[in-house]
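Q: I would like the entire structure built from these sequences, with the hints used as guidance.
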Amino acid sequence: AQSVTQLGSHVSVSEGALVLLRCNYSSSVPPYLFWYVQYPNQGLQLLLKYTSAATLVKGINGFEAEFKKSETSFHLTKPSAHMSDAAEYFCAVSGNTGNQFYFGTGTSLTVIP
Amino acid sequence: NAGVTQTPKFRILKIGQSMTLQCTQDMNHNYMYWYRQDPGMGLKLIYYSVGAGITDKGEVPNGYNVSRSTTEDFPLRLELAAPSQTSVYFCASSWAGEGYGYTFGSGTRLTVV
Numbered sequence: 114a115q116s117v118t119q120l121g122s123h124v125s126v127s128e129g130a131l132v133l134l135r136c137n138y139s140s141s142v143p144p145y146l147f148w149y150v151q152y153p154n155q156g157l158q159l160l161l162k163y164t165s166a167a168t169l170v171k172g173i174n175g176f177e178a179e180f181k182k183s184e185t186s187f188h189l190t191k192p193s194a195h196m197s198d199a200a201e202y203f204c205a206v207s208g209n210t211g212n213q214f215y216f217g218t219g220t221s222l223t224v225i226p
Numbered sequence: 227n228a229g230v231t232q233t234p235k236f237r238i239l240k241i242g243q244s245m246t247l248q249c250t251q252d253m254n255h256n257y258m259y260w261y262r263q264d265p266g267m268g269l270k271l272i273y274y275s276v277g278a279g280i281t282d283k284g285e286v287p288n289g290y291n292v293s294r295s296t297t298e299d300f301p302l303r304l305e306l307a308a309p310s311q312t313s314v315y316f317c318a319s320s321w322a323g324e325g326y327g328y329t330f331g332s333g334t335r336l337t338v339v
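Going line by line, the protein sequences match chains A and B.
Going by this note's numbering, the first residue of the first sequence is number 114, and it counts up by one from there.
Going by this note's numbering, the first residue of the second sequence is number 227, and it counts up by one from there.
In case anyone wonders, no lab produced these hints; they're calculated from the structure.
Since the structure is predicted, the reported quantities are computational estimates derived from the model, not experimental observations.
Treat the hints with care, since some could be wrong.
What the hints assert, rightly or not - One side only, chain A facing chain B, incomplete, derived with CB under 10 Å:
| no. | residue |
| --- | --- |
| 1 | V117 |
| 2 | Y138 |
| 3 | S139 |
| 4 | K162 |
| 5 | S193 |
| 6 | A205 |
| 7 | G219 |
Cβ atoms here follow ideal geometry from the backbone N, Cα and C, with glycine treated the same way.
A: Structure (structure tokens):
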């Protein structure tokens, strides 16, 4: 089965600083990769996805992620954090059957004014 | 558009009681999923369906049942509720499987006492 590792369950950044949330996956074949955001008491929303096209993927709200096959990584970045970015972020990878995704344990982002 | 609608939003059950969590989507998505979210554990797949009349187990199916009689509806049944089933449950749908992101409902917070 696929697995996803998100390094750092809690990340704090100052407003205006770079956001970097880490995601590594285990897969013998290039997978489909996703980042989701979850605001308090809400469901998950799709931020961006990698589906074997461009390795640098741009998503909503100024976020982007780069697929690096050699490092089996799909880290999420944003150049300048905003207070509204405070949320839980989940990385997900598609399973081998294509019928399900495997989620990481999440990273809680705090933005300090 | 309503997207994915889950009811109820909150529920408290006593040990041994049963209940059905409702999930409806109006996007004509073929694929539907049930996940549970526990603190620090990410999301775990309970059951999924690739179309009406077709269901399959995910990672953590024990204690749950599903049915998919229509494209729109995918209810999750809990029989003989146990404290270990205290969790937040999310329903999601997708047009197809691999490569397509999910649309999530807003969740059902269930407590078993």
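Q: Let me know if the C-beta of A:S193 comes in closer than 10 Å to any C-beta of chain B, holds or violated.
A: Nearest chain B Cβ about 25 Å off; hint violated.
Q: Does the interface hint hold: is A:K162 within less than 10 Å of chain B, judged Cβ to Cβ?
A: holds, 5 Å
Q: Could you check if A:A205 really has its C-beta closer than 10 Å to a C-beta on chain B?
A: holds, 8 Å
Q: So, A:S139 near chain B? Judge it on the closest CB pair being under 10 Å.
A: violated, 15 Å
Q: Does the nearest C-beta of chain B fall within a distance shorter than 10 Å of the C-beta of A:Y138?
A: Violated - the Cβ of A:Y138 stays beyond 10 Å from chain B, reaching only about 13 Å at its closest.
Q: At a threshold of 10 Å, is the proposed contact between A:V117 and chain B supported by beta-carbon distances?
A: holds, 8 Å
Q: Per the CB criterion, is A:G219 less than 10 Å away from chain B?
A: holds, 6 Å
The structure shown violates the earlier hints numbered 2, 3, 5.
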